[in-house]
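One line per chain: the protein sequences are A and B, in this order. Using my numbering, you'd call the opening residue of the first sequence number 6 and step up by one each time. Using my numbering, you'd call the opening residue of the second sequence number 6 and step up by one each time.
Be aware that one or more of the hints could be misleading.
Chain A residues, not near chain B, derived (Cβ > 10 Å throughout) [claimed, not checked]: (1) 83; (2) 154; (3) 159; (4) 173; (5) 216; (6) 339; (7) 340; (8) 347; (9) 393.
In silico lysine-lysine, DSSO-like type, Cα no more than 30 Å apart, as pairs [what the hints assert, rightly or not]: (10) B:140 <-> A:80; (11) B:348 <-> A:80; (12) A:148 <-> B:148; (13) A:140 <-> B:80; (14) B:260 <-> A:148; (15) A:87 <-> B:88; (16) B:88 <-> A:348; (17) A:260 <-> B:141.
Pulled from the structure, derived: some chain B residues nowhere near chain A, Cβ distances all over 12 Å [what the hints assert, rightly or not]: (18) 42; (19) 161; (20) 174; (21) 247; (22) 311; (23) 319; (24) 324; (25) 348; (26) 392.
It is worth saying that the hints were derived from the structure and are not from the lab. If you're wondering where the values come from, they're calculated on a predicted model, not measured in any experiment. The beta-carbon is built from N, C-alpha and C at its ideal position, and this holds for glycine as well.
Number of protein chains: 2
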Amino acid sequence: MQLYRNSNVCTRSCRKQQVVRSPLKISCALTQGRVYNFSAGPAILPEDVLEQAQRDMLNWQGSGMSIMEMSHRGKEFDGIAKKAEADLRTLLNIPANYKVLFLQGGASTQFAALPLNLASQEDVTDYVVTGAWSKKAYEEAQKYSKANLSAKGDNKSIPSPSTWKISKDAKYVHYCDNETIGGVEFKSVPDVGDRVLISDMSSNFISKPVDVSKYGIIYAGAQKNVGPAGVTIAIVREDLIGHARPETPTMLDFKIHAENDSMYNTPPCWAMYICGLVFEKLIKQGGLEVQHKLNEKKAKILYDTIANSNGFYSNPVEPASRSLMNVPFTIPSNPDMEKTFIKETEKLGMLQLKGHRSVGGMRASIYNAMPIEGVQALADFMKDFHSKNA
Amino acid sequence: MQLYRNSNVCTRSCRKQQVVRSPLKISCALTQGRVYNFSAGPAILPEDVLEQAQRDMLNWQGSGMSIMEMSHRGKEFDGIAKKAEADLRTLLNIPANYKVLFLQGGASTQFAALPLNLASQEDVTDYVVTGAWSKKAYEEAQKYSKANLSAKGDNKSIPSPSTWKISKDAKYVHYCDNETIGGVEFKSVPDVGDRVLISDMSSNFISKPVDVSKYGIIYAGAQKNVGPAGVTIAIVREDLIGHARPETPTMLDFKIHAENDSMYNTPPCWAMYICGLVFEKLIKQGGLEVQHKLNEKKAKILYDTIANSNGFYSNPVEPASRSLMNVPFTIPSNPDMEKTFIKETEKLGMLQLKGHRSVGGMRASIYNAMPIEGVQALADFMKDFHSKNA
Chain A
6 MQLYRNSNVC TRSCRKQQVV RSPLKISCAL TQGRVYNFSA GPAILPEDVL
56 EQAQRDMLNW QGSGMSIMEM SHRGKEFDGI AKKAEADLRT LLNIPANYKV
106 LFLQGGASTQ FAALPLNLAS QEDVTDYVVT GAWSKKAYEE AQKYSKANLS
156 AKGDNKSIPS PSTWKISKDA KYVHYCDNET IGGVEFKSVP DVGDRVLISD
206 MSSNFISKPV DVSKYGIIYA GAQKNVGPAG VTIAIVREDL IGHARPETPT
256 MLDFKIHAEN DSMYNTPPCW AMYICGLVFE KLIKQGGLEV QHKLNEKKAK
306 ILYDTIANSN GFYSNPVEPA SRSLMNVPFT IPSNPDMEKT FIKETEKLGM
356 LQLKGHRSVG GMRASIYNAM PIEGVQALAD FMKDFHSKNA
Chain B
6 MQLYRNSNVC TRSCRKQQVV RSPLKISCAL TQGRVYNFSA GPAILPEDVL
56 EQAQRDMLNW QGSGMSIMEM SHRGKEFDGI AKKAEADLRT LLNIPANYKV
106 LFLQGGASTQ FAALPLNLAS QEDVTDYVVT GAWSKKAYEE AQKYSKANLS
156 AKGDNKSIPS PSTWKISKDA KYVHYCDNET IGGVEFKSVP DVGDRVLISD
206 MSSNFISKPV DVSKYGIIYA GAQKNVGPAG VTIAIVREDL IGHARPETPT
256 MLDFKIHAEN DSMYNTPPCW AMYICGLVFE KLIKQGGLEV QHKLNEKKAK
306 ILYDTIANSN GFYSNPVEPA SRSLMNVPFT IPSNPDMEKT FIKETEKLGM
356 LQLKGHRSVG GMRASIYNAM PIEGVQALAD FMKDFHSKNA
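Starting from the given sequences, assemble the full structure and let the hints guide the process.
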């Protein structure tokens, strides 16, 4: 079974097949002419989740309505929202003293909401910058607080938390757990003593177990590991709610959303529904321990392929900080060859491998929903390409 | 063909049928066991739009990806976003000096964004309050400006613009074109001289032609007439962009979104896609003049039924201000009977007719996508219920 784009012949049965259509063996784990989509976000979603959404599109479970047509205050959607929250609580083992908020506006909106909810203009806030996203968060916080740059990474490694300059009176310490562009990820929870720790987990949320109790706030845009773009999940410790400054826009005030179960106004119902299906699936598959192990296995395939290429491929990140989600790599000896690499992978149905415009090269985003077969297909291609072009 | 919920027997062929299953003749224009959904929002969507989204769910036009999985910066979604904007420009005949922004956070987020983008804390802003939503906008503006209450309606009528107290130096005049809860709608563009006119059109956007050039800004949450919850459309005259105060959250600054074609961060791609399908359909059907005539016809059926009920049903709004979108009504002689009314309509597959909790009674929201057959079915039931209970 081929992986060529626009193929109409691919069916469920292909799961058990390996067919040679190019000089390279490609195993296909997807159906309906679908591709291995390595996009950094919005990103690949589980095929069975999409199939369920497809089945229920015009008439959700006999309600006579699409999810998109239901009142958010009706019993049907209320059940969907409650189950999504409960399943997320199960997955992450979220303690009872944390609220789960389903918000809009992406992590970028939270960059402003955090200092507005937790600090005054004169308060110090601490920021650790390890890439493009934590830098954006730091810059926005400067508008609303005395934002202090506690540590700065070099896109290759994460500065050891023991070296961070934590301010004595910082209202919180903010960092980004996985930098999507640089492919730099934290492997443990940084120790910041009794400070309130806040993490942007947009690109590795629910990819691994997390001890939520060590955080004040965890937040994440959904469009990487969780669901479609348009919903942002914030897990907020209750004592941090209710302190927004008077000038905070109502819609950026955690208290408003907490008091109204994320339904102060109409929430992004469809996006929440898809997230709920993903949560349910992850629980059925054994939870985040299982998913984490699979993600480690998937990432190892690519990092090993790079390491065993005698320098043909290069990943700039030091091993201890390498992301399990986003694997950037280049062909340092011949950057022009990268275009050929991308063109050839596209022909084989491996899409969106072009690196971020600020970094160049390639980037394979291998979130939860990317099947290991897709990662293996890419690794196989990398070896094949290397042997032909070394 | 019945309209009972959970029916599995309803098929396309039912379009031509009228079958008696209750003492009442009900004509069915929907398929797949779908119901006439009178929700105020999220609300009914065109069946063929849902069918197209269903077909393309796992593999959009041979791309191998779902819309939800595509990079917002890829050529596929870029085309979808550009077409959606172009079609909206066609529908509303939007002049070239207006930007179309696809935002998140609902109209409620714009309540703060408007004064933050257009006024200083010391500037006067004028607000006309004709219901719950314009009141919320006015309250939020008080945090960011000297918000002046120019006029106040009584939920029954719209105060004549000639009586509005427009401030000499108001930065803008804000009103809500259709109040979803009260069912109060403007029938023409209020004349505010050379002031910047801003309208929240969340619940009647693209239900009728609008002379955009008379406005500074028109904005609307999508989840009534346009698409699913999670996208807010703002049409902003270019000279009003670029004046946000320094303390404006980046994500609330019109300039950021205008300069980045609504892709400063990841936009709500799926919601934009559905909106695009709806725009395309409306153009094919002849545009907003045609839709407006249909909406007038639909609303007339209900208002006539109320008027001809000898006071059995009552709508509190004066005829000149009655909404074509939301028709609230009560049974004043016996409010207890309203529960029976709602229960019986539910049995017949006419859902979400309960009035807003602040108003009580019933409310039929009959947006663009509600077929005239659905309105007629409700009117038929109303007459039947009246004759049995008078």
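Taking the hints in turn, this is what the structure says about them:
1. Under the 10 Å C-beta cut-off, the non-interface status given to residue 83 of chain A relative to chain B holds; the minimum distance is some 13 Å.
2. With a least beta-carbon separation of about 19 Å from chain B, residue 154 of chain A lies farther than 10 Å from that chain, consistent with its non-interface assignment.
3. With a cut of 10 Å on Cβ distances, residue 159 of chain A stays outside the contact zone with chain B, its closest approach being about 25 Å.
4. The non-interface label for residue 173 of chain A is consistent with chain B: the shortest C-beta to C-beta separation is roughly 26 Å, beyond 10 Å.
5. No beta-carbon of chain B comes within 10 Å of the beta-carbon of residue 216 of chain A; the shortest separation is about 28 Å.
6. Taking the minimum C-beta to C-beta distance to chain B, about 26 Å, the non-interface status of residue 339 of chain A holds against the 10 Å cut.
7. Consistency note on residue 340 of chain A: stated as away from chain B, and its beta-carbon is indeed over 10 Å from all of that chain's, at 21 Å minimum.
8. For residue 347 of chain A, the shortest C-beta to C-beta distance to chain B comes to about 13 Å, beyond the 10 Å cut-off, and the non-interface label holds.
9. Against chain B, the non-interface label of residue 393 of chain A holds: every CB pair exceeds 10 Å, the least being about 25 Å.
10. Simply put, residue 140 of chain B and residue 80 of chain A have alpha-carbon atoms about 28 Å apart, close enough for the 30 Å limit, and the pair holds.
11. Between residue 348 of chain B and residue 80 of chain A the CA atoms are separated by roughly 15 Å; this keeps the pair inside 30 Å, and the hint holds.
12. With a CA separation close to 18 Å, the supplied pair residue 148 of chain A and residue 148 of chain B stays within the 30 Å bound.
13. For the suggested pair residue 140 of chain A and residue 80 of chain B, the alpha carbons sit about 28 Å apart, so the restraint of at most 30 Å is met.
14. Straight-line distance between C-alpha atoms of residue 260 of chain B and residue 148 of chain A comes to about 17 Å, which keeps the hinted pair within the 30 Å bound.
15. The straight-line distance between the Cα atoms of residue 87 of chain A and residue 88 of chain B is roughly 36 Å, outside the 30 Å bound, and the hint therefore fails.
16. Annotation: proposed proximity of residue 88 of chain B to residue 348 of chain A holds, straight-line Cα distance about 27 Å (limit 30 Å).
17. Straight-line distance between C-alpha atoms of residue 260 of chain A and residue 141 of chain B comes to about 17 Å, which keeps the hinted pair within the 30 Å bound.
18. Consistency note on residue 42 of chain B: stated as away from chain A, yet its beta-carbon is not over 12 Å from all of that chain's, at 5 Å minimum.
19. Annotated as non-interface, residue 161 of chain B keeps its C-beta farther than 12 Å from every C-beta of chain A; the closest such distance is 25 Å.
20. The claim that residue 174 of chain B is not at the interface with chain A holds, since no C-beta of that chain comes within 12 Å of its own (minimum 22 Å).
21. Taking the minimum C-beta to C-beta distance to chain A, about 17 Å, the non-interface status of residue 247 of chain B holds against the 12 Å cut.
22. Interface exclusion of residue 311 of chain B from chain A stands, the closest Cβ pair being 23 Å apart, more than 12 Å.
23. With a closest Cβ-Cβ approach of about 24 Å to chain A, residue 319 of chain B is found to remain outside the 12 Å limit, as its non-interface label requires.
24. Non-interface status of residue 324 of chain B relative to chain A is upheld: no Cβ of that chain comes within 12 Å, the nearest being about 28 Å off.
25. The claim that residue 348 of chain B is not at the interface with chain A holds, since no C-beta of that chain comes within 12 Å of its own (minimum 14 Å).
26. Every CB of chain A lies more than 12 Å from the CB of residue 392 of chain B, the least distance being 27 Å, so the non-interface label holds.
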